[in-house]
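2 protein chains.
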Amino acid sequence: MSHYDSLLEKVRELDDLNKAAALLSWDREVNMPRGGAAERIAQMTTLSSLIHRMSTSDEFGGLIEDAAAELDGAAYDSNEASLIRLLRRNYADARKLPDEFVARSSAVSGQAREAWVQARTASDFAIFRPWLEQVVGLCQEMAELYGYEDEKYDALLDKYELGMKTAEVRAIFSDLKAELVPLREAIDRSPVKIDDSLLHQPYDVERQKAFARTVAEAIGYDFNRGHLGTVIHPFATSLSRNDARITTRWYPDFLCPSLFGTLHECGHAMYEQGTAAELARTPLARGTSLGIHESQSRMMENIVGRSRGFWHAHFPALQALFPEALGGHTAEAFYRAINKTQPSFIRVEADELTYNFHIILRFELEQAMLNGDLAVADLPAAWNEKMRELLGVTPPDDSQGCLQDVHWSRPGFGYFPTYALGNLYAAQFFETATAADPAILAELAEGRTTALLAWLRENIHRHGRKFTPGELVRRVTGQPLGHAAFMRYATAKFGELYEL
Amino acid sequence: MSHYDSLLEKVRELDDLNKAAALLSWDREVNMPRGGAAERIAQMTTLSSLIHRMSTSDEFGGLIEDAAAELDGAAYDSNEASLIRLLRRNYADARKLPDEFVARSSAVSGQAREAWVQARTASDFAIFRPWLEQVVGLCQEMAELYGYEDEKYDALLDKYELGMKTAEVRAIFSDLKAELVPLREAIDRSPVKIDDSLLHQPYDVERQKAFARTVAEAIGYDFNRGHLGTVIHPFATSLSRNDARITTRWYPDFLCPSLFGTLHECGHAMYEQGTAAELARTPLARGTSLGIHESQSRMMENIVGRSRGFWHAHFPALQALFPEALGGHTAEAFYRAINKTQPSFIRVEADELTYNFHIILRFELEQAMLNGDLAVADLPAAWNEKMRELLGVTPPDDSQGCLQDVHWSRPGFGYFPTYALGNLYAAQFFETATAADPAILAELAEGRTTALLAWLRENIHRHGRKFTPGELVRRVTGQPLGHAAFMRYATAKFGELYEL
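First to last, the protein sequences are chains A and B.
Counting in the numbering used here, the first sequence runs from 205 upward without gaps.
Counting in the numbering used here, the second sequence runs from 205 upward without gaps.
Don't read these hints as lab results, they were simulated from the structure.
Among the hints, erroneous ones may be present.
Since the list gives no way to pick out one identical chain from another, each pair is judged satisfied if it fits inside one copy or across any two copies.
Straight line, CA to CA, 35 Å or less: simulated DSBU-like cross-link-like pairs of lysine-lysine [to be verified]:
1) Lys397 / Lys381
2) Lys590 / Lys356
3) Lys363 / Lys214
4) Lys214 / Lys300
5) Lys544 / Lys300
6) Lys300 / Lys369
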């Protein structure tokens with residue numbers, strides 16, 4: 205047996221265990237009865253400790269290096285060389301965090317989460333403040349443990365968007381802001397007002413479920429290799445490329461969460477379903493970064509799922525399912541309603557265009573706190589100031605301001621920017637795709653995505669994690685990530701809608 | 205840290221991993237898309253190999269013996285001494301099967317199962333015969349590997365019903381047969397004919413689901429620590445005492461499978477829910493044997509769930525849910541319909557009384573094949589001969605005869621008898637319980653089981669696997685297992701129904 209085969213055997217074993225851990229986690233959200241929580245935490249902790257021990261062992265490090273030596277000279281984009289690169293990075297990263305730090309970080313996160321729930325409920329930042337201070341401390345410590353060349357935030361961002369630098373994101377967001385703020389202001393001034401009340405009517409949940417399956421299949425999600433579950437906070441989980449699951453929530457009087465949530469999670473899951481079979485049971489068989497993953501979900505949710513063509517094709521079926529709610533409306537009215545844009549306080553409820561501002565705000569505040577330029581005590585005031593600058597509105601209280609997200613109850617700075625990067629990647633990929641294959645737009649005008657999905661499979665999905673996001677975007681679009689494609693897309697779409 | 209604490213730490217880790225494996229298995233039946241099968245098998249194999257390696261390691265054996273030495277003199281029924289006993293037995297058993305045998309056995313089972321599906325579909329025993337010969341060979345090999353004192357079958361039976369001897373089961377079944385055959389013949393001759401056609405009508409599945417939850421809660425199944433899923437072949441799974449799940453199947457035109465299947469699985473899951481909290485995350489926190497487990501499911505399904513009192517109390521609610529099917533019927537008619545008994549070919553469709561014959565038949569044939577007294581080629585003829593002797597009927601073909609069960613596609617001889625032992629344990633426990641607490645029967649006459657469940661919790665459930673089934677039945681009922689309580693129960697119930 206070659207060194208590489210020995211390594212592969214171990215890698216597959218670890219991947220299987222990681223998938224068992226993923227199932228424990230998925231099941232907790234979808235099926236587990238409330239009473240089972242304590243034992244489930246124990247099961248998850250045991251499995252993740254075991255995985256951590258195995259994947260940071262000297263033995264595993266030796267297997268990687270033996271295989272690397274054996275494969276010296278393999279082509280950069282071969283599966284073998286790509287796997288070695290990824291394993292080396294993961295191994296080095298995992299060894300940088302001492303067990304003591306991981307345990308402490310996990311304990312603080314648990315308590316900080318409880319405090320956050322209380323603080324948000326009471327809209328009282330003082331309850332959360334001491335915990336956020338600890339979380340910021342953990343982020344600072346983590347940045348030092350991982351190490352960085354230019355600035356602290358790089359060390360954290362790199363864990364979610366491998367190889368991307370803070371300076372690069374800063375420049376892109378700065379360009380984006382410079383054009384997006386004027387666009388938002390122009391929309392505010394437009395005499396066109398969109399009425400979206402048709403979305404807020406009684407919609408029978410069982411019929412929503414049926415329609416969610418219909419649109420999921422319409423965009424190419426494969427239910428023979430997938431599963432749709434019900435949860436409170438939707439997400440996608442991959443237990444293998446042949447078992448990539450989505451979850452959705454259902455509101456009886458609001459259509460959007462189930463509809464666009466399903467399309468969003470399908471985008472994630474279709475990425476996983478599209479990874480090459482030959483990468484199975486290795487860490488290469490996943491989306492390459494959170495930002496690229498988000499580009500797939502946002503593309504299906506927004507570029508496809510909020511397009512005129514898609515709804516001119518699918519609205520009649522929706523209307524037939526909900527004749528009372530939609531019988532008197534046109535596909536065009538529906539298209540306009542789902543694309544209404546207006547500043548709001550809550551990130552997760554924000555529309556396609558203003559969503560980016562919520563992310564830019566968090567990106568800037570995370571850096572300020574991490575670098576010590578903003579004291580945690582001053583966060584509420586800084587938050588509201590940025591809301592006015594970017595969105596022109598002031599949250600009425602902190603629960604609708606700096607207390608709205610759970611994310612800061614754990615040391616996960618660097619995660620937020622990937623949400624907006626996803627929007628930008630999506631637009632840039634889509635522009636490249638439609639230039640390469642005119643069938644994509646022609647199909648989309650009829651509500652179909654076969655050509656688009658084929659392009660995504662060939663250019664993005666099949667590679668899994670073989671390339672970093674930076675490598676992938678250059679390889680696919682010929683350029684580094686920028687804001688321009690998104691602005692072209694947004695200006696055309698919203699310019700037409702709001703008659704700018 | 206004491207040796208016992210070190211052992212406990214390892215035992216808990218292993219238990220957590222076993223529960224992760226149980227979830228992979230549960231999820232495969234309940235949620236997994238068809239496409240995910242291959243990767244799921246890999247995940248299950250990896251986890252079970254890892255568990256096997258850890259639980260048969262010299263290190264683990266050393267931990268057990270160090271703790272045993274430390275605890276020398278602990279009371280027999282203490283948790284500590286009970287855990288050591290169980291771990292020693294499991295460890296010794298697990299070390300007796302070489303990895304090569306386990307792998308070969310698993311490979312043969314996989315192929316034999318495929319052959320069995322084909323053979324049953326075609327009703328062609330010749331397709332299955334060579335595989336059954338291999339399975340019998342594996343059973344013989346396994347018996348030698350485990351070892352035995354009196355007869356081969358002991359070695360296998362012991363794995364499902366710890367400490368019980370084949371001779372003991374043979375004697376009990378012989379006594380049972382001697383009284384049960386005449387009872388069945390008397391019923392055949394009775395002029396009373398029960399009409400059960402009311403059970404075979406359209407029953408809306410969503411309403412069946414609602415009612416299944418109602419009766420599950422009525423008998424004491426705790427949904428805050430449980431979950432009801434849909435499958436093709438129902439079973440119960442415990443991921444902890446606080447997450448003990450049931451599954452059910454739903455037929456749109458037959459009420460019994462969902463109703464009595466749910467009560468049956470609830471009996472299993474309530475046993476798991478009732479194990480003492482202090483046993484959690486150890487192998488003691490489970491039902492002690494398959495036979496005792498089956499006593500709990502059969503008690504809820506039959507002794508409680510097919511009792512007159514239960515249905516006089518719950519029939520009105522069922523009738524209100526299904527006015528078209530049941531509006532014209534009385535609770536008494538329903539009670540009679542669900543207790544109709546008649547010889548039939550298929551075990552899983554057999555009634556409470558004739559079910560036992562199906563098991564006695566398999567028990568006798570397994571021994572004959574294991575001991576070489578019956579050639580596999582002669583199985584179909586031997587099967588049909590025993591059907592005539594015990595049930596007075598001859599299967600029209602092998603798919604309704606010796607090909608009906610999946611069990612013999614794996615080397616699991618010794619499993620079948622536990623089904624009938626469960627019926628006998630159930631009657632013996634129930635007789636003891638009602639003698640100890642008159643409230644049990646008084647409540648049951650009103651459809652309630654609070655007192656019965658309290659008795660089961662105290663006398664059976666909380667002990668988990670601390671005692672062998674033989675120890676438990678003596679401890680609880682003062683006697684070894686026998687056929688008499690079941691015959692008293694059956695004679696009274698069916699004597700009244702059939703006016704014997």
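Going down the list of hints, with the structure as the test:
Taking the shortest alpha-carbon separations for Lys397 and Lys381, only the intra-copy value of 24 Å comes in at or below 35 Å, while the best inter-copy value is 83 Å. In the homo-oligomer, the alpha carbons of Lys590 and Lys356 lie at most 35 Å apart inside one protomer (22 Å), although the nearest pairing across protomers, at 79 Å, exceeds that limit. For a Cα distance limit of 35 Å, the shortest separation of Lys363 from Lys214 qualifies both inside one copy, at 23 Å, and across copies, at 32 Å. Taking CA atoms no more than 35 Å apart as the test, Lys214 paired with Lys300 passes in both settings, with 21 Å inside one copy and 26 Å between copies.
Neither within a single protomer nor between protomers do Lys544 and Lys300 lie at most 35 Å apart by alpha-carbon distance, with minima of 46 Å and 69 Å respectively. In the homo-oligomer, the alpha carbons of Lys300 and Lys369 lie at most 35 Å apart inside one protomer (20 Å), although the nearest pairing across protomers, at 57 Å, exceeds that limit.
In this structure, only the earlier hint numbered 5 is contradicted, and the remaining ones agree with it.
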